[in-house]
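Number of protein chains: 2
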Amino acid sequence: MSEKRYLILAEGRSRDPHYGKTARGVIRYAPDPAVAVVDSTRPGESLDGVPVFATVQETLHLEPTTALVGVATQGGRFPPAWRELLRHCIEAGLDVENGLHEFLADDPELAELARRHDVELRDLRRPPTGLNVPTGENLTIPAKIALTVGSDCAIGKKTVALELDLEARRRGLKSVFVPTGQTGIAIAGWGIAVDAVVSDFLAGAAELLVVEGQRRGGELLFVEGQGSLVHPAYSGVTLGLIHGSAPHAFVLCHRAGATEIEGYPGAPLPSLSELVELHERIALPRRRACVACLALNTAHLSEEQARTAIAAAAEETGLPADDPVRFGGGPLLEAVLAAIHAQVPVQAADH
Amino acid sequence: MSEKRYLILAEGRSRDPHYGKTARGVIRYAPDPAVAVVDSTRPGESLDGVPVFATVQETLHLEPTTALVGVATQGGRFPPAWRELLRHCIEAGLDVENGLHEFLADDPELAELARRHDVELRDLRRPPTGLNVPTGENLTIPAKIALTVGSDCAIGKKTVALELDLEARRRGLKSVFVPTGQTGIAIAGWGIAVDAVVSDFLAGAAELLVVEGQRRGGELLFVEGQGSLVHPAYSGVTLGLIHGSAPHAFVLCHRAGATEIEGYPGAPLPSLSELVELHERIALPRRRACVACLALNTAHLSEEQARTAIAAAAEETGLPADDPVRFGGGPLLEAVLAAIHAQVPVQAADH
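Chains A and B are the protein sequences, given in the same order. Numbering follows this note's numbering, with no gaps: position 284 of the first sequence is 284. Numbering follows this note's numbering, with no gaps: position 349 of the second sequence is 349.
These are computed hints drawn from the structure, not numbers from a lab. There could be a bad hint or two in this list.
[Claimed, not checked] Computed beta-carbon distance windows for the label pairs: (1) B:327 to A:271: 38 to 44 Å; (2) B:117 to A:18: 50 to 56 Å; (3) A:311 to B:75: 47 to 53 Å.
[To be verified] Computed far set for chain A versus chain B, every beta-carbon distance over 10 Å: (4) 74; (5) 75; (6) 91; (7) 112; (8) 115; (9) 188; (10) 195; (11) 241; (12) 318.
Just so you know, these numbers come straight off a predicted model, no measurement behind them. C-beta: ideal position from N, C-alpha, C; glycine also.
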């Protein structure tokens, strides 16, 4: 069997909307199938149709080939209990893909175990060597670039970029999803986790990614956004990505009804109108990106509540708004294409 | 001789206002003396009173103990010609301090040479291990924090922080300069180069620095700023530092008359008023920092021109303005203290 078949490790977090997002992203969007989830707190349940087991051993009859670390942790370190889980996977002959900041291949014990069992440890967040500052190529490639941005982390910026890319390809456009984080990399099989790059080279890494998206045939690029300009911990990553990926248009993502940064009581979100203005003001002067539309995450609302929230957001900002996961990506794709079309062309580059 | 005596390596760049800033910063502000500069393009000249020589050999009668890499390079890599210079220093028995992104101690040949000559290779930009995201301590320590920000790189953010800290200490205040870059670290002997930190931990590193500044007895902290919110390559570092260091007040630095980002034709600077507003809007909602004053770099102007530029900046923004390097730090220090005093106290922290 040469096909990749994922075993998703999501111990304790398979239902966590924030820390379990890698598991769900790969189950929904990766081209290779996920055959099982391991979470000893929910055996017998299923996650987006994939059965959940308590142990690695119980999943082996489903013939997984690759264990994927399907959780994020604050700060990106492995909880100690995870080492045993990882050892079980390696001993069962599974390759391991890991998106945390802590690199498995640098762990002498796990690396030696992997060698003995002839499996591969792939650290998705390990940055490539030779990164540098931007060269200006982000402004000269012909591809049109849309970047998802948002009011907070873990509200759907990656998912929205994936949905709009899918919809664009369904319509025959040469669209490419540009992955900038560990889950996007697991899904697409390429990319750079910009949050793992040395800060000085953040914008340079983002530039490399759009150049690579263009090289892969993209005439339209949907770049996975990261963090938020107003997030107390991750805003630097967001701004470096905004300036380095040089988008023509932003898609502003927001969890309908959210008023505070998650996990940061006392850190209120600005209004949607203020967020629109802040992004447009901070965009590169060489390529004045506008916010093309709003992507609302309404997963926690009834359909009627969702439609009301979407109408209110459109009313407040004067921009097209929708939940592209729930109601389809068509309307927002059209808004992005219209915004890109309306853009004043970039001046000839001097640098 | 146990005192540290610097030999400043500034090959080809001793007069460069941008790439030679480490040399000048250490000559002017480090407590240890600089006895010689090496720059084969300007032998016989002097740099801020320190004699310039063509070769390392010619400086040895001045008994330097430590060679300092006194230049910055775009992207922080060593030009190949530098290896020979570094070998000469090591062979002459000098320790080497290096602030580039490329680490000398990781170079097998130079590391072996250093071992043979019993000298130390100190990489000032190497981040500490164990960094993480902010904990919220930046908002709970009692120290009052001022951060220098600016319209561009290499316009004096570090120098302004140093001058205001000096002036505060002259007045008997418990002030500490908080270094966030390689030159600041060389000068103060501690700190973290935040631009060399993994992007996800940028704000966390900035938080550690203000916590350490407080631990070192600082009731008033002058944090060295980095980059600019509007710099196409380095803006991510700037925003992470703004959110992680959680200042009560900004000092906005600007090179009088500059209208474009240096080296980025077609990247116009916003007006000073727009820069003031942008910084105040993007400050942490939990600690609404205001811009206390403007620090203009007028080194390229006559005294009369300088006074005119300062008056115009004050008129445009309604804020106190001065060139603290040229005319003394008193007025801007008073503006910072007044702004901090006027700040609404932070609410009790929940997180």
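Each hint tested on the structure:
The hint said 38 to 44 Å for the Cβ distance between residue 327 (chain B) and residue 271 (chain A), and at roughly 42 Å that hint holds. With their beta carbons about 52 Å apart, residue 117 (chain B) and residue 18 (chain A) fall inside the hinted range of 50 to 56 Å. Between residue 311 (chain A) and residue 75 (chain B) the Cβ separation comes to about 48 Å, which falls inside the hinted range of 47 to 53 Å. Distance check for residue 74 (chain A) against chain B: the nearest CB is about 6 Å away, which does not clear 10 Å, and the non-interface claim fails.
Annotated as non-interface, residue 75 (chain A) brings its C-beta within 10 Å of a C-beta of chain B; the closest such distance is 4 Å. Against chain B, the non-interface label of residue 91 (chain A) holds: every CB pair exceeds 10 Å, the least being about 29 Å. At roughly 22 Å, the least C-beta separation between residue 112 (chain A) and chain B is larger than 10 Å, which holds for a residue marked as non-interface. For residue 115 (chain A), the non-interface assignment is confirmed: its Cβ lies about 24 Å from the closest Cβ of chain B, beyond the 10 Å cut-off.
Distance check on residue 188 (chain A): its Cβ is at least 20 Å (rounded) from any Cβ of chain B, clearing the 10 Å threshold; non-interface status holds. Non-interface call for residue 195 (chain A) relative to chain B: violated, since the shortest CB-CB distance, roughly 4 Å, does not exceed 10 Å. Distance check on residue 241 (chain A): its Cβ comes as close as 8 Å (rounded) to a Cβ of chain B, failing to clear the 10 Å threshold; non-interface status is violated. Consistency note on residue 318 (chain A): stated as away from chain B, and its beta-carbon is indeed over 10 Å from all of that chain's, at 20 Å minimum.
The structure fails hints 4, 5, 10, 11 (numbered hints given earlier, in ascending order).
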